[in-house]
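Sequences and hints are given; from them, build the entire structure.
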Amino acid sequence: MAGFLIKRFLQAIFVVIVVTLIVAFAIRLTGDPALMLTQGAGSVTEADLVRIREALGLNQPFLVQYFGFIKGLFTLDFGRSFLGGTKVSTLLAAALPATLLLAFSSLIVSIAISIPLGIKAATARGKWADQAIRILSLVGLSFPNFWLALMLVLLFAITLKWLPPSGMNGFESFIMPAVTMGIILTATNVRLVRTAMLETLNSQYIMVARAKGLSENVVLYKHALRNCAIPLITYFGLQFGGLLGGIVVVERVFNWPGLGTLAFDAVGARDYPVLQAVITVLSLMIIGVNLLVDIAYGLVDPRIRTE
Amino acid sequence: MTGEPSPPLLAVDNLSVAFGPSRVVENLSFSVQAGRTLAIVGESGSGKSVTSLSVMRLADMMGGQFPTGQVLFESRQGRIDLTTATQKTMRGIRGKEIAMIFQEPMTSLNPVFTIGDQIAEVLILHEGMSKQAALAEAKRLLDMVRLPDAANLLARYPHQLSGGMRQRVMIAMALACRPKLLIADEPTTALDVTIQAQILTIIRELQTELGMAVIFITHDMGVVAEMADDVVVMWKGRKVEEGTVADIFARPQHPYTQTLLAAVPKLGSMTGEAFPKRLPLTVMDGDTPRLVGGEHVQDTARYGLPPVLSVRDLVTRFNIKKGIFGGVTHRVHAVEKVSFDIHPGETLALVGESGSGKSTIGRTIQQLQKETSGTILFGGRPVSSMNGTERQKLRQEIQYIFQDPFASLDPRKTVGFSIAEPIRTHALIDGSKPIQKRVDELLERVGLTSAHASRYPHEFSGGQRQRVCIARALASNPKLIIADEALSALDVSIQAQILNLFMELQEQQGLSYLFISHDMAVVEKMSHRVAVLYLGQVVEIGTRQQIFETPAHPYTQRLLSAVPVADPARARNRAMLEGEIPSPIRRVGDEPAIFKRTEIAPGHFVASAA
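Residue numbers (UniProt numbering), protein chains in the order written: chain A, 1 to 307; chain B, 1 to 610.
Bear in mind the hints are in silico, worked out from the structure with no lab data behind them.
Just so you know, even glycine gets a beta-carbon here, dropped at the ideal spot from N, CA and C.
A couple of the hints might just be wrong.
[To be verified] Label pairs and their in silico Cβ distance ranges:
(1) B:R391 - A:R303: 54 to 64 Å
(2) A:F4 - B:K131: 23 to 33 Å
(3) A:I135 - B:P434: 54 to 64 Å
(4) B:A133 - A:N217: 22 to 32 Å
(5) A:E199 - B:R146: 28 to 38 Å
(6) B:R146 - A:G3: 44 to 54 Å
[What the hints assert, rightly or not] A few chain B positions that, by computed beta-carbon distances, are all more than 12 Å from chain A:
(7) P21
(8) L58
(9) K88
(10) R91
(11) L125
(12) C177
(13) R251
(14) F275
(15) L281
(16) E507
If you want it as structure tokens, here you go:
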């Protein structure tokens, strides 16, 4: 297990280097921040632009800029935003918890719905409950998340006035963004749980568990579910990446003060330091979650732990 | 106060079980007395397993229904009909009053819970014990099934145990609440013979100790003879015969029982015979038995000719990568310094238990696996230095028949296509008409008809599929056929037919066989010479008569004594065989000792400790 984790850790470092290199390089192809900053400023001379570039460090060779950024990673110093000069670390510190909270509550909403529904569909295979759950999950899959978000706002915030339409302010404000994300995830997760469960329910040890006289709930939720955990955890881990991608859109709709909003604004302004930092943090989170997934394998499955 | 006999513990009366429109058990009646053992015997599709699942009402979970009959059980609450009991009532009976052990010990235990937790679960549920008390009782139960080091075993997981150990854990779990009835569904079928002997002894001893009744479901007449008091024979979902074990074996009434008993290979039945012998066979033709074939002495081996295949000092090892950076720390020593010859028209049997390396030898000869060292000469030429064309020729002249005929046929291709494939690959015949003709010929050769060529594998029964595999092997005019457990997945009556087919083909075409098997009784019928493998080495090799009549190595003797014999008249009290089959995995650098072999009679070599 220790050897396995060391291997994974070394892999993770390699992934971070590749991702940051691509991000830092690609972002510099999108346009000149100096021009963006001086847009509409009237008379800007070429000398002004050169001065701005020097001030922002953009005149240095790419690799120097890149290594400066990597060095900053270790001291949590990501430089300052091109816009307003706020420290990037300050911006991140404000946005990261908001996004993390939203991501995890979405994941929890989705798991809480999809596991019971998936198990129900598997045990009622071919019957009406199974059909209904599968049709519902297909409907859920077909919604684009921004549309679903707008419909929820229309219904619960504008018509019924039960929930706040936007912003992050107390428990109520979490409900709509988390449910929006959760429903999209649930649609796929239900099918995944159903498939994994069907396979497990065919196992001999499930028959043995029933032959012991255990109740169906113990058979399903204790004996079967734990054996489904490996494919489920794998998928939930992979899903986390997609979840962070989807969150950018949902954060915009609900005006959520998270990494998505931060990144969105940074793209518009060619704010390299902020964008680089946000993408690096996001990829670190994805790598971290997948590392957790690998550790979780060992926890749920003794066959991996004792190898 | 009359001497009325006590009612049976379990009385199945006119029971039918249906899955949707099809009835798999029809009008079945039998009863089990307290403390006795009833064997339900039958081949695949006889409905014997469904019967046991119906008594437990586990057939419900698979969609089973009971259109007729009842199952009366003397429970703690008096006599109840299990077919109409609620699932809630059944949950109180399952595991407590009726317990069950299943065929596949490798998959019967939940891989993610410890052994202790899985046994304790039953005790907590039915006996209301605390977790701690339940674990203490679990330890006692593991001692009872004679598992060494029970205390440590409680905290271990199923994958850390061998198949035999897992089946003992299953028995411990089933007996936890001292059930009145134990249903054992093929409990030893997946185990090696020496382990099977251990498990059977344990079941028998615990039955006496706990005074419980046992329903033993099996297809193996040898196991029936060893275990049962009474026997019910099932065929196509119906009971065809019932009686005491002595009656069934001595005076079988129903034609099906007669054919079944006739087909069972009996260890020792060839004593005194110098050669394998093909015997006429009774087969069921609809509902009536019919005798097919005649008696032929299989004197086909041509020892005067140079051997078809010579294997010298063959070693095959597999590396296990365990280190952080993929370094090799352990090796599987599958085959260690094995040497043998096969002559034209000869059958050499490789026998041994799991991990003995018998299948690896077959795979290495076919070059599906590269040898680590040693030489394989086919037709006098070393296989390892063959060029592409020669290798192609080798693949044509050595054919392989596997255990699972379904897995070795392409489900999306017609059987005719599969048989024609080697003819096309090796360009043995030109033109589709002549190929078609050859395929028809081959199908008839193995006892099928040319009409079968256009069908798909799923349309055939297991025995027919194995015939198709044989036809495919014959298609490339092989000199040597490696049959790797080719009969193991088949019912005994089918097994006997295929066995005769193998021998018939040998006589007509002078084929040589490398017959890999764990079944000593089948080996005795079929082979000219036998090599006994243990941990990758040949511990004894000789003619069939030498090995079976004068076995010299302790392992060969042990293997032979473990085989259950289909004769209830034989004394049952066998000494308990102890011990597990050791593992062929060794640390790098820790080389196994190579046994020295001495010739104790002409051609009879026995290993002595190195």
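Hints and how they fare:
{"no.": "1", "hint": "B:R391 - A:R303: 54 to 64 Å", "in the structure": "39 Å, violated"}
{"no.": "2", "hint": "A:F4 - B:K131: 23 to 33 Å", "in the structure": "32 Å, holds"}
{"no.": "3", "hint": "A:I135 - B:P434: 54 to 64 Å", "in the structure": "56 Å, holds"}
{"no.": "4", "hint": "B:A133 - A:N217: 22 to 32 Å", "in the structure": "24 Å, holds"}
{"no.": "5", "hint": "A:E199 - B:R146: 28 to 38 Å", "in the structure": "35 Å, holds"}
{"no.": "6", "hint": "B:R146 - A:G3: 44 to 54 Å", "in the structure": "37 Å, violated"}
{"no.": "7", "hint": "P21", "in the structure": "16 Å, holds"}
{"no.": "8", "hint": "L58", "in the structure": "6 Å, violated"}
{"no.": "9", "hint": "K88", "in the structure": "9 Å, violated"}
{"no.": "10", "hint": "R91", "in the structure": "5 Å, violated"}
{"no.": "11", "hint": "L125", "in the structure": "6 Å, violated"}
{"no.": "12", "hint": "C177", "in the structure": "9 Å, violated"}
{"no.": "13", "hint": "R251", "in the structure": "36 Å, holds"}
{"no.": "14", "hint": "F275", "in the structure": "43 Å, holds"}
{"no.": "15", "hint": "L281", "in the structure": "35 Å, holds"}
{"no.": "16", "hint": "E507", "in the structure": "43 Å, holds"}
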